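Please take these sequences and the hints and turn them into a complete structure.
From first to last, the protein sequence lines are chains B and Z.
For reference, each letter of the first sequence is one residue, going 1 to 477 in full-length UniProt numbering.
For reference, each letter of the second sequence is one residue, going 1 to 477 in full-length UniProt numbering.
Source of the hints: derived by calculation from the structure; they are not laboratory data.
Any given hint could be a false lead.
Said to hold, decoys possible - The list that follows gives simulated cross-link-like pairs (lysine-lysine, PhoX-like), each with its CA atoms no further than 20 Å apart: (1) K259(Z) to K370(B); (2) K259(Z) to K252(B); (3) K150(Z) to K6(Z); (4) K259(Z) to K304(B); (5) K376(B) to K6(Z); (6) K376(Z) to K297(B); (7) K150(B) to K20(B); (8) K6(Z) to K461(Z); (9) K374(B) to K297(Z); (10) K252(Z) to K370(B); (11) K361(Z) to K252(Z).
Being a predicted model, the structure only gives us computed values, none of them experimental.
Number of protein chains: 2
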Amino acid sequence: MSVPSKVTDYIAQNEAAFVKRLSDAVAIPSVSGDAAYRQDVFKMADWIKNELTALGVTVNFKDLGKQVLDGQTIQLPPAILASIGSDANKPTVLLYAHYDVQPALKSDGWNTEPFELVFDEKNDRYYGRGSTDDKGPLIGWINVLEAHVKTGTELPVNLKFCFEGMEESGSEGLDELILEESKPGKFLHGVDCVCISDNYWLNTRTPCLTYGLRGLSYFKLTISGPARDLHSGVFGGTVHEPMTDLITLMSKLVTPDAKILIPGVYELVAPLTPQEKALYDALDYGISDVEQSAGAKIALSDDKIKVLMGRMREPSLSLHGIEGAFYSPGAKTVIPASVAGKFSLRLVPNQTPDKIEQLVKAYVTSEFQKLNSKNKMELEHLHGGEPWVDDPNHWNFQAAKRATEAVYKKTPDFTREGGSIPITISFSRALNVSVVLLPMGRGDDGAHSTNEKLDRSNYLKGTQLLGTYLWEVANKK
Amino acid sequence: MSVPSKVTDYIAQNEAAFVKRLSDAVAIPSVSGDAAYRQDVFKMADWIKNELTALGVTVNFKDLGKQVLDGQTIQLPPAILASIGSDANKPTVLLYAHYDVQPALKSDGWNTEPFELVFDEKNDRYYGRGSTDDKGPLIGWINVLEAHVKTGTELPVNLKFCFEGMEESGSEGLDELILEESKPGKFLHGVDCVCISDNYWLNTRTPCLTYGLRGLSYFKLTISGPARDLHSGVFGGTVHEPMTDLITLMSKLVTPDAKILIPGVYELVAPLTPQEKALYDALDYGISDVEQSAGAKIALSDDKIKVLMGRMREPSLSLHGIEGAFYSPGAKTVIPASVAGKFSLRLVPNQTPDKIEQLVKAYVTSEFQKLNSKNKMELEHLHGGEPWVDDPNHWNFQAAKRATEAVYKKTPDFTREGGSIPITISFSRALNVSVVLLPMGRGDDGAHSTNEKLDRSNYLKGTQLLGTYLWEVANKK
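Structure (structure tokens):
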């Protein structure tokens with residue numbers, strides 16, 4: 001089974017209507033992080049409901065309760081749970097996207113009005129908040145549905161949709177909903193695979209499929225000594241200074257060449273298989289891409305594989321800053337009374353936040369004891385998130401691969417991302433099925449930045465990709 | 001020659017008038033750091049001029065020019081240069097004090113109105129901004145003058161006064177004036193010794209004479225890498241992180257037991273003589289005093305001498321903070337693009353800011369090279385101040401010692417302070433004579449804090465002390 005040409009032809013011939021649809025969606029400023037825009041988030045939910053309903057989809061709004069934002073108690077936008085098809089002979093695919101966006105003001109540095117989809121003819125791209133994150137992909141699915149309905153083509157799979165309106169603001173309430181709806185007899189139960197279109201290619205050239213994300217363990221290490229800040233002239237050389245203890249401890253966490261010094265951390269890392277190694281070899285991504293994104297020639301190595309693995313399959317430890325110390329410009333001769341270093345580890349399988357917390361606590365406690373300091377030390381694990389890796393050989397991924405090859409005439413990069421997309425883990429755990437991250441946009445789309453954009457070809461080919469994926473996944477092999 | 005009893009009797013019998021005088025001075029809110037109070041600083045200068053003139057002193061205001069404060073260009077308060085007596089057979093003593101004060105608002109946490117001298121009968125002390133810093137001592141000199149004039153007693157020395165109105169705000173313009181006025185034929189030329197009453201006893205029990213102050217070298221160590229802040233998920237493990245480099249370098253400056261790791265720093269320290277060591281042994285000051293001031297049991301050693309020498313005659317290095325890193329509460333997963341560590345060394349003879357800067361630059365540069373980092377490092381010496389030590393056996397100090405013994409029936413502590421009083425160095429260098437720091441107040445006066453106070457006995461005995469000192473110094477032996 002492969003995607004019928006009437007479907008792909010319809011998509012190719014209806015660019016104007018699809019752009020109009022995206023334009024209408026971008027015009028609704030559904031900013032979830034600002035109470036002033038909450039009505040627009042609801043408006044966006046209604047807009048999606050209308051679109052889906054018109055195409056024969058059954059749509060339910062799930063009330064996620066209330067939240068406190070900007071000092072007001074306000075209603076959370078609904079999770080949109082929708083479905084079409086219930087043929088027991090077809091696989092059931094769950095599609096996730098989000099309909100809220102990051103804040104944007106023209107005065108932030110936008111060249112165009114952020115909530116107006118503006119075509120840049122020279123670069124063949126569309127500017128607008130949400131164009132790539134995540135309204136473009138969400139509407140891609142609607143376009144695909146329309147192409148089937150308008151051409152009288154039966155969908156090759158049963159579809160379920162989970163579209164949320166709080167992704168940019170912590171996905172409040174969604175985890176609980178997913179757990180609840182995954183129970184036997186509930187909406188998500190029996191889903192065969194999940195497809196999330198909410199990330200980006202590694203670069204601007206090659207499509208990718210993402211099969212892994214790093215987890216996180218974030219720590220706050222507090223050293224307290226004197227009852228108040230002290231003058232370094234009066235007390236320097238007489239007392240244990242908390243900053244000296246803290247800096248000493250922080251220096252024992254990671255080396256300048258990024259080696260983590262906490263014993264046991266690397267022992268938990270799953271061994272590299274030749275198959276996985278081959279995926280890094282094949283990636284269309286190099287040192288120069290990393291350095292271009294960073295804006296400086298500061299890659300840790302000249303070995304591409306080492307740098308890519310450093311981001312995708314190795315843990316890392318970053319020192320973020322210090323709370324309580326002197327941070328302003330100028331010269332203040334203070335001995336701060338209590339200082340808290342912030343650092344976090346990015347986790348990879350088979351690391352877990354629980355195991356990492358144990359290792360970090362044991363190590364930091366032991367290193368602090370070695371200092372023989374009379375100050376007090378406290379280590380807090382502020383939050384943690386599990387890493388996630390899926391099987392890139394699963395039929396779900398192979399379907400996405402074939403679809404990419406059909407549309408782009410290119411083998412996609414199989415990537416793991418360094419950051420987190422928590423919803424991925426939520427689905428993976430609750431449903432215990434394969435989750436593929438199938439991005440529409442490019443690495444330079446500027447998702448959370450000013451002048452967010454989606455290339456015209458990514459929107460149109462991306463829509464073809466999503467449609468083709470549904471037909472390939474129907475083969476389940 | 002010793003102070004005549006009619007002078008000391010006059011002081012003992014005129015407490016009410018002296019308190020009235022201090023009360024009048026405290027009522028003028030001569031805050032130099034706030035443009036809104038500048039007229040009050042001038043008012044304070046006029047008040048002093050009237051007091052001195054009434055007692056036969058010749059008073060000149062020295063215009064120090066203008067400054068920019070709070071966005072306004074305003075006139076600096078004058079330096080008050082005044083003198084009485086020009087007998088070639090008498091030594092000439094220069095007295096320094098300042099007539100400006102730190103800001104104070106009742107809402108800062110004062111129990112009483114800060115610009116009202118309030119007597120606390122229970123504790124036998126006076127509360128008020130400037131009571132101890134430095135209006136009490138300044139008025140002490142005026143009281144002493146009055147006691148001589150009103151009893152028809154000829155002063156045993158020639159007196160010169162340098163009273164400034166910008167001490168709490170960087171003593172703007174004063175250094176240049178001192179240099180200029182120290183030239184042959186000018187006002188300060190030919191001064192035999194200097195007495196500054198603007199510091200405090202070590203404790204609340206024993207008067208002290210201060211013969212040394214530490215200097216300062218303040219550094220800013222900047223590490224820059226990426227062109228902008230990076231996301232630790234995306235970049236952690238792929239690039240050289242400026243924070244890791246900075247923390248590593250800062251950890252190589254000083255150990256948790258306060259040993260400075262910069263080679264050459266200790267080699268510059270003047271050796272300890274048995275005479276100097278004996279002064280520390282004799283001090284009425286211990287570990288518990290240090291820990292009480294710090295508010296915690298965090299002294300570096302249980303050895304009193306070691307702790308005292310750590311403050312008074314050893315260099316120290318404090319890490320103050322980091323500019324450019326994450327410093328707020330919460331958990332931000334940022335890799336800061338450019339971070340600047342602030343640290344400073346307190347210097348002792350024979351260290352100088354110039355020599356220390358060389359040592360620090362050489363060491364930090366060499367340590368940074370060892371990191372093999374692709375980030376950039378810059379070290380700036382933000383400012384420096386020379387250390388100062390005078391000879392406690394000089395007749396100027398011995399006179400202050402005899403005066404203290406006469407008034408307090410106690411041998412004073414001979415102390416060196418850990419911080420800086422830059423004016424001391426200015427006089428010492430420009431005039432090349434002995435400078436004694438002869439405090440009036442106690443270690444718990446809270447000079448720059450809320451509820452600044454001066455004990456009644458310190459004000460009255462302090463006035464006796466200043467008067468007695470003039471007679472002892474007249475002996476010049």
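The hints, checked one at a time:
1. K259(Z) to K370(B): holds, 15 Å
2. K259(Z) to K252(B): Cα-Cα ~18 Å, so holds.
3. K150(Z) to K6(Z): holds, 10 Å
4. K259(Z) to K304(B): violated, 42 Å
5. K376(B) to K6(Z): Given that 20 Å is the threshold and the Cα spacing comes to 58 Å, the pair is violated.
6. K376(Z) to K297(B): holds, 11 Å
7. K150(B) to K20(B): Cα-Cα ~17 Å, so holds.
8. K6(Z) to K461(Z): holds, 15 Å
9. K374(B) to K297(Z): holds, 7 Å
10. K252(Z) to K370(B): Holds - the C-alpha atoms of K370(B) and K252(Z) are around 16 Å apart, at most 20 Å.
11. K361(Z) to K252(Z): holds, 13 Å
In this structure, the earlier hints numbered 4 and 5 are contradicted, and the remaining ones agree with it.
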